[in-house]
Every structure is written in C-alpha cells, then in structure tokens.
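**Q** Read off the chains here:
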Amino acid sequence: MSTVIGQPVRRREDARLIVGRGQFTDDLKLPGMTYAVIVRSPYAHARIRRIDVSRALAMPGVLAVFTGKDLEGVLGPVPTAWIPPNADLKQTVHRALAVDEVRYAGDGVAMVVAEDRYTARDAAEAVEVEYEPLPAVVDAWAAVQEGAPLVHPDAPGNLALHWTAGSVDQKAFDEAEVVVRQRFVQQRLIPNPMEPRAAVAWYDPGTENLTVWMTSQNPHIHRFLLSGILGIPEHRLRVVAQDVGGGFGSKISCYPDEALVAHAARTLARPVKWVEDRSEHFMATTHGRDHVQEVELAGRKDGTIEALRVKIWANLGAYLSTAAPGVPTILFGLIVNGCYRIPQASTEVYGVFTHTTPVDAYRGAGRPEATYLIERMVDLFADAIGMDPVEVRRKNFVPPDAFPYTNAFGITYDSGNYPLALDKALERVDYGGFRARQAQARQEGRYLGIGFSTYVEMCGLGPSEVAGAVGFQGGLWENATVRVHPSGKIQVMTGASPHGQGEETTFAQIVAEQLGVAMDDIEVVHGDTDRVTMGWGTYGSRTLAVGGSAVAVACQRLIEKGRRIAAHMLEADADDVAFQQGRYQVQGVPGRSVSFQEVALQAHLAWNLPQGVEPGMEATANYNPSNFTFPFGTHVAIVEVDPDSGLVRLERYVAVDDCGTPINPLIIAGQVHGGVVQGVGQALWEGAVYNAEGQLLTGSFLEYAMPKARFFPPIETDSTVTPSPHNPLGVKGVGETGTIAATPAVVNAVMDALKPFNIRHLDMPLTPEKVWRAIHGKGERQ
Amino acid sequence: MIAERFRYLRPKDLDEALAWLAESQGEVRVLAGGHSLLPLMKLRLAAPQTVLDVERVEALRGIRLEGDVLHIGAMTRYHELARDPLVAEYAPLLAMAARTVGDPQVRNRGTVGGSICHADPAADFPAAALAMDAEVELRSRAGKRRLPLREFLLGPLSTALAPNELLAAIHVPLRAGWGAAYEKFPHPASGYAVAGVAALINKEGGAARAVAVAVTGVGPVAYRAAATEEVLTGASLDAARIQDGASQVAEGVEVNADLFASADYRRHLAQVLAARALRAAWGSD
Ligand SMILES: Cc1cc2nc3c(=O)[nH]c(=O)nc-3n(C[C@H](O)[C@H](O)[C@H](O)COP(=O)(O)OP(=O)(O)OC[C@H]3O[C@@H](n4cnc5c(N)ncnc54)[C@H](O)[C@@H]3O)c2cc1C
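Going down the list, the protein sequences come from chains R and G. Going by the numbering used here, 477 is the number at position 477 of the first sequence; the sequence numbering is gapless. Just remember that the numbering used here sits 782 ahead of the position in the second sequence, which is counted from 1.
Since the hints were made in silico from the structure, they are not lab data. Check each hint, because a few of them may be wrong.
Unchecked claim - DMTMM-like mimics (lysine to aspartate or glutamate), calculated; alpha carbons at most 25 Å apart, straight line:
id : chain 1 : residue 1 : chain 2 : residue 2
1  : R       : Lys778    : G       : Asp1040
2  : R       : Lys770    : G       : Asp1040
3  : G       : Lys824    : R       : Asp14
4  : G       : Lys824    : R       : Glu234
5  : R       : Lys708    : G       : Glu1033
6  : G       : Lys824    : R       : Asp169
7  : R       : Lys778    : G       : Asp885
8  : R       : Lys770    : G       : Asp1020
9  : R       : Lys770    : G       : Glu1036
10 : G       : Lys824    : R       : Glu614
Said to hold, decoys possible - Residues from chain G shown here face chain R by an in silico Cβ test under 8 Å; the list is partial:
id : residue
11 : Trp802
12 : Val888
13 : Gly988
Stated by the list, open to error - Some but not every residue of chain G turned toward chain R, in silico, with C-beta under 7 Å:
id : residue
14 : Ile784
15 : Leu827
16 : Pro970
17 : Ser972
Note that beta-carbon positions come from the ideal geometry of N, C-alpha and C, so glycine has one too.
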C-alpha cells in the first residue's frame, strides 16, 4: 500500500543549497545594514579594570560601542532552561557582556557597531580593555579540588550541580565474582557546523516589532528566551531561521550575542548584522562532552552483569548554557545501562564550573557519553572473564520479548530486537572469518582489531510531562499545521526546525502518502515564528518522531473532515466512504469517487457543505508523545594499527541501525554516515585542549582535527525494522545514532588490535603518538 | 577574519612587478596562490601595506628544459607539477610531493614559489626540491641572482629573499631514472607534514652511487639529512643499511614538538618514514 513512505526520494532542499541559492543569515542584505563585532576576552580569568571605548568611538563609521556597564538594567541575564530537580543547581548570573570579571577566553566584553564590516573589525581592536589576569582552572577534576580558583563566588567548590539517580546495594560489589573498574576521560569536543553562528536584527520603531534572523535550531524557544532578555513581548518579536548550515546542538543554546545584536538594532533603529568567524566560533560557541568518569561493574564469571555504578565530573564551562545541566544528568545518567538488562545501577554526577567555553548539547548529548562507558565496560568485563565480547553482549541484552522494558532508572524502552541487529552485523563482517584473519595477521606482525557497539538511544524528546518532571523549562510536544489551498496545493507548517536533516523532503513524503497528493504539490515551511504557530525545534532526534507525528495527525484530521464533505458530494453515508490513495470512494460502487484535492476546493467554496462542517481545509495538531523512542543497532569497526607509527587505519565500518519504520532510506543513510564520521572523529582525532592558563590550544582547523572524507572506507549501512509502538508513524530518531554508536565501536576495535601488547585502556582521541607510546611501553607523554 | 587595510597591486608583467617592488613604501608581499598569505592576513598575523598579485606575470609561469636543468616558474601550481610530462620524466619526486599537499583546492591554487618563499617548517615541496638540489632564481630591478635552495631557506618562515626581490623560478638538475620516493605523515587537522622524507637514489651496479635525503616537519625548516646520506652513499642498500641510515635522519637536529607530536615521537616517525622512503627509492619494496 505504501507508495511514498519508504522511498529513497532525493532531498528536495539540496537543489537550492548545492547551487548556492540557499538563504543563510549572512545572505540577508537589508537597506542601511550595519555590522557588529564582539570584543572578547583573551584571558580565561581576569578582572576588568577599565574599558576605554573612546578611540573606537572616534573612528569614522563607528556608530556605537556597548559594554557590560551600559547594559546593566537594560538586558536581562542569559537564562538556563534546564533545572534538574534535586540537583542543588547553582544558577549563577550570566550577563550578556561581562561587567567586572571575565570567566573564559572568549567571554564578551564589548560590542562595536559600524557602517561596514571592516570598520567594525578595526574598531574592535581599538577598544582598550585593561585586564588583571587571575589564576584559571580548566579541568573538571582540578576544579573540585581544595583551593582551586573559583569561577563564581556563589558556587563554592565550583560545583554547579550534584545529581544522583538509581541505587546499587553495596553487597552487589562485595559479593561479586568479578568487579571491573575503569576511569574514562570523555574529552571535550568542539562542534563545527559548516555555517558558524550569525544574526541579523531589524527593529521597526513605528510598530515596535523586532525581527531577528538567526542560526537557530529552535526559533520559538529563541523567541521566548530573547523576549525575556530584551524585555520585548513575544508577540512583537519574530525569529526567523531560514536555511541553517548545521548545528549539531550548538545552535540550540541561547547565547548573549544574538541578544546583543537585537539590542543594538533596537537602540540604533538600523538593521545590524553579526557573523561569527571561525576562530570566534571555536571559543564562543558551546562545546560538547567533557567528562571524567569512574565506572564500576559487578558481574559473574558466566558473563552476567549484575550491577553498574557510575560517578562522573562533568565540565560545564564558565556559565550554564541553555540545556547544559540536563545533558550530563537526564540525557546521560538515566541510560548508562545501555541495551543491557542490569538489575542494579546508579549514576552520580558532579557538574563543575571551569574557566572554559560553556559546554552544552553536542550531537547525541549525554547519550554518547553513556554509550561509550557501557560499551567499553562490557569489553573490559569480557576481557576479565575471558569471554567473547559478542557473547557477553548477547547474554545481557534486554531480550526481544521483554519490551516494553523498564530499566533500573525507570526509563521504559518502547521496542527492540537487539540480537537481530547484532546477528545481521556479524554476518556482514563474517566474524569467524575475521578472527582467523586477525590471528594470521598477528603472525606477520600486523595488528587488526574488531570492535562492537550494540547501542540503544533514548531520543525523540519527548513527553512534555516528562520534560516537566526532569526540570526542562519547556514542553516537548510539536506543532504542525497542514493547510490545503483551494487549488489543492498544500503547505505544511512545522514547529520543528530542520537545519540540514532533510525534513522538507520527509515531511512532504508523509503528507503525500497520507493524503495521496503528489510531492510537488506540497511545500514544507519551517523556521519562522510568524509563519509557524508554535514549535520546540529540532534536536534530540525528535523532528520526525514528534514533529512528523504531528504532521501525520493533522493529515488524519483533514481526511476525516474531507470524508464528511466527500460523502455529502457523493450522496453517500460517511461510514461508507473509504479514503485510499488520495480518493474518497463509495465502497462497493466503483466510479463513485472524488479526489482529496477536489474535496478541498469544495471545502473552500463552501457552496454546499454538509451541516455542521466549517468552510476551509486546514488542520493543526499539537502532538505530545507518550514516550521517547529507542532506536538501536550494532556498529562494527575493523581497524589496523601500524605498530611503527601508532597510526590507526579504519579498514571497514558496518552500521546496522533500527530506527523503526523508515520514511526515507536515503536520508537515513545520510544521517548515519554523518553521525558515524563524527563519532569516529571523537575516537581518533578530535579533542579540545586548553593550557593551564585557559588558552584554547586547538582554536583552529590547523590543530583541531575534524574528520576528512579520505580517512574513511565506504561506510556500509544496513537495517532492521522494529517500529515504535507509540507514535502514528512507527518511527524512531536516527539523527544521533551514528555518533552515539561509532565512538566505542572504534575504540573497542583499537583495543582489540592492541591485545597482544597487554594494553587495557587508552583514553581518546587515540592519536598515533599515544598508541605508539602504549605499544612500546614508553609511558604517557609528559 | 578580516584583514587590515592594504593596497592591492596587480602588475601586468615582470618589469612592472619589479618596479613596484622597488618603489613601494612599507612592507610589500607578493601574492601567489594566497593559501598561506591570506589566512595569515585574515588572522591579522601579517599586515603588509601592499599586496602584489603576480597572477598575470607570464614570466613566472611554465616548465621547460634549459640545457641540463628543468626550469620551473615560481607560479607553477602543485596541480600542474603533478601532471607535467617533463616533471614526470626528470623530476618525479617533485610531483610525488606535490600530490600530497592539502586537497584539490589547495593544489589548484598553491604554487612552487609560494611554498618555497613561505618556508613553512612543515611544507612538503621544499623537502622534495632540496633533495633535487634545486636552485632558486631571484629577480629584482637590480638584476638576477641564483642561490642553492639550501642557502635560501634560513629557518621557520624565513628566507634569504631581499625586500625588493621576488622568486622567478627554480632550476632543478635532471634526475631521470633515479629512484625517488616521498613519504609523509600528514597532520590529521592541517594536512601538513608532521614529518616528511624525500629520498632520491641513483642506483648503479647494485650500489647507491648518489643518495639525497631531505626532511620536512622535523626541524626549523626543511633540511638535507647529511649523516644519512653519508652512511648510504656508495653502499648496497640492504635492510640493515637502510635502517642504519634512517636512524640518523634527525642527527644534530633540534626536533620540533607540538600538541600532536613530541620531539621523541617525531624523531622516531622521521626514522620510520626515512626507512620507507629509502626502501621505495631503492626499489626493495
Ligand atoms: C587547507 C590548506 C591545506 C594545506 N596543506 C598543505 C600541505 O599539506 N602541505 C604543504 O606543503 N602546504 C599546504 N598548504 C599550504 C599551501 O601549499 C600554500 O599554498 C603554500 O604554502 C604557499 O603557496 P601559495 O602559492 O599559496 O603562496 P602565497 O600564500 O601566495 O604566499 C606565501 C608567501 O610566499 C610569498 N611569495 C609567494 N610567491 C612568491 C614569489 N614568487 N616571490 C616572492 N615571494 C613569494 C608571499 O609573499 C607570502 O609571504 C595548505 C594550505 C591550505 C590553505
């Protein structure tokens, strides 16, 4: 029956993006445009003694210079929007521009606005700031030690939060046959979407309306938060995110910068543009991950895992970014057991302030950090008991007949068939054959390794009631309006805000399928608070599961309305009219039918509608999911390690993913590819490094190693299909699975390759020198 | 990422270029491919008053045989080098190194002259050109001078180029039939050489009659590994001999250390790459 859903339809948005006809924020040209540059602190921690803007202000073409003092009482603080309960969260103040103290290298101290970009940049250099440098702390572990420099006076010990979940009876460890302990460093990553952040703001002094075009993953949330900072009521504020060149979480957050631009536009009554440059992006846009994790696992010699205890120190940076407190707690701590049935588990989280760029959601957000530790622990456990890591996994999987399954933290997994995905992956890589080849290679002094990651992810955020219960200061339902015009052409307004994921295509597929209308007759509209009633945005792999479901529900409402009109037109009873492939058909009377689009015309004309049916053909759905979705799968990496150089070469990568009912396999494959590449990036290359003074040493693409296409073999993707039982499409999220799965798969593979050298664990990234030192027993680099 | 204000000049020929070089006030920088200069300017690490774009200067282009040397114009792009038949015949080592530079965009813009004049300690081309015993041809309004490349490269981002001079071409002796190899360990972020070793061997009657080994990424600027060459010249290069030679590839060099590679590791890497390059150039691989 399915015709459009499930087809590998090419992304319709690509045509405009590929030929350069996208409309990104920086493409916007408004008459009278002015340009802003933000002056940022070069110090990680310093007292601001004095700011002298006179030289900058005197430069021809400079219109204004704002400092923190100018904004006191004018702009509200930048809010935190996730306040986990019972976590003793310290909501320290984050001002739009620092007033007397800067807390990370990149903290804004002034903003210059000028007639052109060049003048603005020169004037920014002419702003004189006198700093008194203070000692800094950059590492979460160091920050909680006695005597560490304080980031905020009102957060003693630099503790931003302390949160616990689950419980483990100490007996489980005391009496365990086997206990495995490991400390993991989950290094800090720097998200790098192709498009850095940008904002254009325009204020109409007549209507007192303010429009902000910006790089946003969630324009309605940004409108809500900006309204608070600016003191402009929401109904006079419009946020537009037209084309956005990726975000990976970094464009969820509400930063000071966009509010500053808006404020400048209001003050000057001129449009103001600000575009972050790449160097600025490295410092001033949120980072991801950054945990120190201590993990203990208790189990039996037969491979049964009995208990898991996790304690982490999560580096949150200098300020609490928008969703930051929820990432290492809710999105991490409730799912550390992964896809395994572990009767007892607990998580304890210390969220720590440091003098570094704020840390927030980055593709996967919490779940990669959780998946990494459990998938590594399973391998270490397998090693300890001399069992094959695949068998340990199989033994502890939540079995297919146990769904819905509630884990030790009270999270209920919707559906799954973990062994099925595992078996498919094993077959593809010819596991037995590989082990033989590996043994042979070792004889020749070549070191091959295989690594597994059997992940499960909690995504499709999420039930609004749960959002409330876990302290997220918003709902997580989604809005969709499907508007059928008199001609039968359709616009779909979604509150999700895709920025590269392809929902202009997938959402059109859903509508085409449901209403039996041609794809070409459907346009998907998103990213504009004036065109879309409400929305919570795109992140947490929620767009299809929640936003797509809203679209499907709205379509169902239209079908029902249309059925009554069609029945009236066909002089039949509504119960006798079936809707199939775009036509209302009187059952049993071939030839007596009318198309959906014809019905829509009649609905608009309203010349002859059945009693009680209103004119027009538009339906809105506010879909509130009843649960998260739990995509899962098995990823397998095969690597070869060169013992002479320590270089890890990825030989093969197989991803078997189950994201429920596939809407568009081409887009799914694309999401998996991109995700895997990012996940491997963390395993092998990426990592932010600060020196002791808080200077970011990896502040450009010269040092920060983003994965390159040439580092990869072709990625092999495959799937199993276990629909989610609780949303109308049966879909699960797939935007983050690759990132979540890939990192431990690759690290496990490298550790497998290094077995002959008795290396138990190396922290990421597995750079050549680190591997080489380990192989040759040279100890860590000093 | 906005450069400071500068004056932009685009001479139509060499005379005009040399005249402007001689007459311009303040710092003048020649703009070739721009792939090193422009990033520096945008980061405001360089702020020349004048940028002299030599894109249109015909005299800086072309690859041709001149007697017993190959003349390679300073504005020759990596991409041109990589597919030129004369280079393939007489100086394949240069093409090998050129192919490892950056990505296609960089190879379509970056030039021989830019790479040499920039003297980046981790650049690929200088190592290959050094191993080839290249000479540089420098031009100013006062005239022309030639210098062995090894005397031209002074240190990191430092050369013997005078303020009013430009590099017109390099001249490389013909090495048809010599074994050649360039082994590079690219930095995963920048793509530059963490270490790179160029090897050239003239094999005659089972012995290495001449051996040239040049190294980049390891020291302050690309250099010839004299100790290695000495061990190998005249010998038959069996595995042990190659190992012996390779082990001395960073002899007497103060080895670079950075975030990605310590000095110890980098020295080791240079030795590994040297052995690989020598084996390939000798033909034992
Ligand atoms: C993304 C990227 C990756 C790269 N990867 C590599 C790599 O893997 N390996 C590598 O070796 N390089 C790499 N490079 C550098 C690249 O090779 C540069 O192009 C090269 O170093 C400089 O050549 P250019 O023609 O671009 O010179 P320009 O940038 O134009 O000039 C560089 C310097 O040389 C001077 N100059 C140029 N031509 C002359 C001349 N004829 N006479 C006098 N002075 C002159 C300029 O004034 C300037 O000071 C990379 C660059 C980028 C952007």
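**Q** Does each hint hold? Answer for all of them.
**A** Evaluation of the provided hints:
no.	hint	result
1	R:Lys778 / G:Asp1040	holds, 18 Å
2	R:Lys770 / G:Asp1040	holds, 14 Å
3	G:Lys824 / R:Asp14	violated, 31 Å
4	G:Lys824 / R:Glu234	violated, 39 Å
5	R:Lys708 / G:Glu1033	violated, 34 Å
6	G:Lys824 / R:Asp169	violated, 59 Å
7	R:Lys778 / G:Asp885	violated, 34 Å
8	R:Lys770 / G:Asp1020	violated, 31 Å
9	R:Lys770 / G:Glu1036	holds, 22 Å
10	G:Lys824 / R:Glu614	violated, 61 Å
11	Trp802	violated, 24 Å
12	Val888	violated, 13 Å
13	Gly988	violated, 27 Å
14	Ile784	holds, 4 Å
15	Leu827	violated, 11 Å
16	Pro970	holds, 4 Å
17	Ser972	holds, 4 Å
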